[in-house]
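Protein chains in written order, with the working numbering: chain A, 1 to 155; chain B, 1 to 405.
To be clear, the hints were calculated from the coordinates, so they are not data collected in a lab.
Some clues are possibly wrong.
Stated by the list, open to error - Cross-link-like lysine-lysine pairs, in silico, DSSO-like; alpha carbons within 27 Å at most:
| no. | chain 1 | residue 1 | chain 2 | residue 2 |
| --- | --- | --- | --- | --- |
| 1 | B | Lys173 | B | Lys98 |
| 2 | A | Lys25 | B | Lys98 |
| 3 | B | Lys31 | B | Lys174 |
| 4 | B | Lys400 | B | Lys175 |
| 5 | A | Lys123 | B | Lys90 |
| 6 | A | Lys123 | B | Lys400 |
| 7 | A | Lys26 | B | Lys46 |
| 8 | A | Lys123 | B | Lys183 |
| 9 | B | Lys104 | B | Lys183 |
| 10 | B | Lys90 | B | Lys31 |
| 11 | B | Lys98 | A | Lys26 |
| 12 | B | Lys104 | B | Lys144 |
| 13 | A | Lys25 | B | Lys90 |
| 14 | B | Lys173 | B | Lys90 |
| 15 | B | Lys144 | A | Lys25 |
| 16 | B | Lys400 | A | Lys26 |
| 17 | B | Lys147 | A | Lys123 |
| 18 | A | Lys25 | B | Lys46 |
| 19 | B | Lys71 | A | Lys117 |
| 20 | A | Lys26 | A | Lys118 |
| 21 | A | Lys153 | A | Lys25 |
| 22 | A | Lys7 | A | Lys71 |
| 23 | A | Lys117 | B | Lys183 |
| 24 | B | Lys98 | B | Lys144 |
| 25 | B | Lys46 | B | Lys58 |
| 26 | B | Lys90 | B | Lys71 |
| 27 | A | Lys26 | B | Lys173 |
| 28 | B | Lys46 | B | Lys104 |
| 29 | B | Lys147 | A | Lys26 |
| 30 | A | Lys26 | B | Lys175 |
| 31 | A | Lys25 | B | Lys71 |
| 32 | B | Lys58 | A | Lys26 |
| 33 | B | Lys358 | A | Lys113 |
| 34 | A | Lys123 | B | Lys144 |
| 35 | B | Lys71 | A | Lys118 |
| 36 | A | Lys123 | B | Lys358 |
| 37 | A | Lys118 | B | Lys400 |
| 38 | B | Lys42 | B | Lys31 |
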Amino acid sequence: MITYYSKAWMEACKDKMNTSQDHLKKARQLNGKWLFRLFDGPDGKDRSGIWTFQDGSCTSVEFEARPAPWKELREMAVPDDGIGRFSSPFNMMAALNRGEISPLKALSSPDYKLEGKKVLVFKMMQGITSWNNTNALVECDYNFTATDADGNKTA
Amino acid sequence: MGLINRNVPVHSAEFQWWNPTRIVFGNGKVKDLPDDLDLDWKFEGKDRVMVITDAGVKSAGVLDYLLDALKGSSREVVAVFDSVLPESDKEQVYEIAKIASEAKIDFWIALGGGSVIDVTKMAAVIESEGGQVEDYEGFYMVQKETKPIICIPTTCGTGSEVTWGAVIMDRVKKKKIICGDYKFIPRVAVLDPECTRTLPAHIVAGTALDAMTHCIGSFVSDQRQDISGAISLRAIEMVADNIEAAYHDNSNELEARSKLLIAANMGGIAFQTALPGADHGIGHTAGALHHIHHGVAVAIANLYVMEYNMQAVPHLYASVARALGVKDDGASDEVMGRRAIEALRELYTKVSVKHTYKEYGFPTDDATIDQLTEQSMEDGTMVFNPVSVSRTPEFERLIKNCVGV
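Can you build the whole structure from these sequences, using the hints too?
Structure follows, in structure tokens:
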């Protein structure tokens, strides 16, 4: 099974979104570059995921993971060329993906941070919701303690 | 340096200000509505209207006041729904949307308080787009612009006549569904103090404190910016200066009634760009779990939310204190902020609003308090609280303070 928040998982989410008519309809106003930072994974790594959208289609995904704390990632300013940056502990992002906590609860928590062009982020909320819902349909493994460079489970 | 707000730094690095609702104010303005609409190009060729209201508004004669005004005009009232519940629910949304669809209406008039206005907004969405209310939960979830909505508020608290929000009750899940979208924002708001003349004293108190809480919540919101801040602060002052007069003699106090109606509207304008936070998150949930009046529920929560937020935004609560008429003797912001809370407590007492939920019969058992704690954290407005919220001992204490245990 694909490992949660690995390069393969991001690719699978991309394929799922791009072949879902429902997603493409709901997310037709979803555009731009989005950065996710997930800290302190169970493999001892911080993760960076960059997603780019054009009219709801996911045009590219970029994955990188490094041993935590990945100082540069944690301290980097919000990039100007992106729409939004979401940051949270790995476990919280995983709980969100499993539907164990709601996005609203996450957003009001001090552990979950949304930064960037918030006016645009809110206007794209329908697309973001569809994106989250579609990602949640990709079966994945959350139980791991070690991963390779692409985030695939090795133990 | 300014004496009222100090020269505080810009809080929101970016924001959008968008208030497309045309506001008409004046005593007797409902009578002018047909002529007004004839001059509004957005209503050209739109003749068939459905009026939504509630039993209280009808029995007070305010529905007849509107229908008389429309009689003989080019606008035909093709349907009237006059039994909106105090906390409008999903079932009523579907019922109203169905009637509107069958009557082939061109536009809507919501005549009432927040429940009437909010149910009209959501019925307009369902009428034009179909689906379920939950499909539109959250922000910017509506695809198509609805048919135009005219709002005539009959209370002095909601502000919903100028906002892009609607709150609808799910009675099965005992929760409130919050939707926000400019595609259903009212086209016209008619503020006619004649419509609030017969408002009972306890509703004057509850709705005016709702307006007060909108303004304070918006003023300290994590989305705050200086446009909404300026509007909020003046409206806080207007409510504080006029609530007692309206509470004691609303029908004869045209001046106080007018100011409360305008202040409530200003609160709506302010909070639609800078949403209030935990005061509304907790208040919504308390109202859903136990039928406490919305205005009272949020006003009570605000007393303790102000304490909870005090460390983060004492300078803002100090400004609130000055707007409430607290004498500034050079005390620290935090001291002034605490005096604002005391001033609010005194104001509530003057209009017979209590300070805890248990005084309104809210259950004090652990299970209900736990539900209030958990469900409040899921409310859409929590995101806008100036202090982030999670289940900490401080947050649990805040909830218990609201309940009064």
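Against the structure, the hints come out as follows:
With a C-alpha separation of about 23 Å, the suggested pair lysine 173 (chain B) and lysine 98 (chain B) falls inside the 27 Å cut-off, and the hint holds. Between the alpha carbons of lysine 25 (chain A) and lysine 98 (chain B) the distance comes to roughly 26 Å, so the proposed pair stays at or under 27 Å and holds. The suggested pairing of lysine 31 (chain B) with lysine 174 (chain B) is violated, with an alpha-carbon distance near 39 Å, which exceeds 27 Å. About 19 Å separates the Cα atoms of lysine 400 (chain B) and lysine 175 (chain B), which keeps this hinted pair within 27 Å; it holds.
Annotation: proposed proximity of lysine 123 (chain A) to lysine 90 (chain B) holds, straight-line Cα distance about 25 Å (limit 27 Å). Distance hint between lysine 123 (chain A) and lysine 400 (chain B) is unfulfilled; the C-alpha atoms sit about 36 Å from each other, more than 27 Å. A C-alpha spacing of about 30 Å is found between lysine 26 (chain A) and lysine 46 (chain B), which places the hinted pair above 27 Å, so the restraint is violated. Taken as a hint, the lysine 123 (chain A) and lysine 183 (chain B) pair is honoured in the structure, with Cα atoms around 12 Å apart against an allowance of 27 Å.
The hinted pair formed by lysine 104 (chain B) and lysine 183 (chain B) meets the criterion: a straight-line CA distance of about 20 Å does not exceed 27 Å. A hinted pair counts as satisfied when its Cα atoms are at most 27 Å apart, and lysine 90 (chain B) with lysine 31 (chain B) does not qualify at roughly 32 Å. In summary, the hint linking lysine 98 (chain B) to lysine 26 (chain A) is supported, as the alpha carbons are separated by about 25 Å, within the 27 Å threshold. As the CA atoms of lysine 104 (chain B) and lysine 144 (chain B) are separated by approximately 17 Å, the hinted pair is consistent with the 27 Å bound.
For the hint linking lysine 25 (chain A) to lysine 90 (chain B), the alpha-carbon distance of about 25 Å falls within 27 Å, and the restraint holds. With a C-alpha separation of about 11 Å, the suggested pairing of lysine 173 (chain B) with lysine 90 (chain B) holds against the 27 Å cut-off. A distance of roughly 13 Å separates the Cα atoms of lysine 144 (chain B) and lysine 25 (chain A); the hinted pair therefore holds under the 27 Å criterion. Straight-line distance between C-alpha atoms of lysine 400 (chain B) and lysine 26 (chain A) comes to about 41 Å, which puts the hinted pair past the 27 Å bound.
Restraint check for lysine 147 (chain B) and lysine 123 (chain A): the C-alpha separation of about 21 Å stays at or below 27 Å, so the hint holds. A hinted pair counts as satisfied when its Cα atoms are at most 27 Å apart, and lysine 25 (chain A) with lysine 46 (chain B) does not qualify at roughly 31 Å. Restraint check for lysine 71 (chain B) and lysine 117 (chain A): the C-alpha separation of about 49 Å exceeds 27 Å, so the hint is violated. A distance of roughly 20 Å separates the Cα atoms of lysine 26 (chain A) and lysine 118 (chain A); the hinted pair therefore holds under the 27 Å criterion.
Distance hint between lysine 153 (chain A) and lysine 25 (chain A) is unfulfilled; the C-alpha atoms sit about 34 Å from each other, more than 27 Å. The straight-line distance between the Cα atoms of lysine 7 (chain A) and lysine 71 (chain A) is roughly 21 Å, inside the 27 Å bound, and the hint therefore holds. Between the alpha carbons of lysine 117 (chain A) and lysine 183 (chain B) the distance comes to roughly 21 Å, so the proposed pair stays at or under 27 Å and holds. At roughly 18 Å between alpha-carbon atoms, lysine 98 (chain B) and lysine 144 (chain B) fall within 27 Å of each other, so this suggested pair holds.
Distance restraint check for lysine 46 (chain B) and lysine 58 (chain B): the Cα-Cα separation of roughly 25 Å lies within the 27 Å cut-off, and the hinted pair is therefore satisfied. For a cut-off of 27 Å, the pair hint linking lysine 90 (chain B) to lysine 71 (chain B) is broken: about 31 Å separates their Cα positions. A threshold of 27 Å between alpha carbons decides the hint, and for lysine 26 (chain A) with lysine 173 (chain B) the separation of about 26 Å falls inside it, so the pair holds. About 11 Å separates the Cα atoms of lysine 46 (chain B) and lysine 104 (chain B), which keeps this hinted pair within 27 Å; it holds.
Taking the CA atoms of lysine 147 (chain B) and lysine 26 (chain A), the gap is about 22 Å. The hint holds against a cut of 27 Å. A hinted pair counts as satisfied when its Cα atoms are at most 27 Å apart, and lysine 26 (chain A) with lysine 175 (chain B) qualifies at roughly 25 Å. The hinted pair formed by lysine 25 (chain A) and lysine 71 (chain B) fails the criterion: a straight-line CA distance of about 44 Å is larger than 27 Å. Taking the CA atoms of lysine 58 (chain B) and lysine 26 (chain A), the gap is about 41 Å. The hint is violated against a cut of 27 Å.
The straight-line distance between the Cα atoms of lysine 358 (chain B) and lysine 113 (chain A) is roughly 35 Å, outside the 27 Å bound, and the hint therefore fails. For a cut-off of 27 Å, the pair hint linking lysine 123 (chain A) to lysine 144 (chain B) stands: about 14 Å separates their Cα positions. Proposed proximity of lysine 71 (chain B) and lysine 118 (chain A) is contradicted: the alpha carbons are some 47 Å apart, above 27 Å. As the CA atoms of lysine 123 (chain A) and lysine 358 (chain B) are separated by approximately 39 Å, the hinted pair breaks the 27 Å bound.
Distance check on the hinted pair: lysine 118 (chain A) and lysine 400 (chain B) sit about 33 Å apart at the alpha-carbon level, beyond 27 Å; violated. Between lysine 42 (chain B) and lysine 31 (chain B) the CA atoms are separated by roughly 19 Å; this keeps the pair inside 27 Å, and the hint holds.
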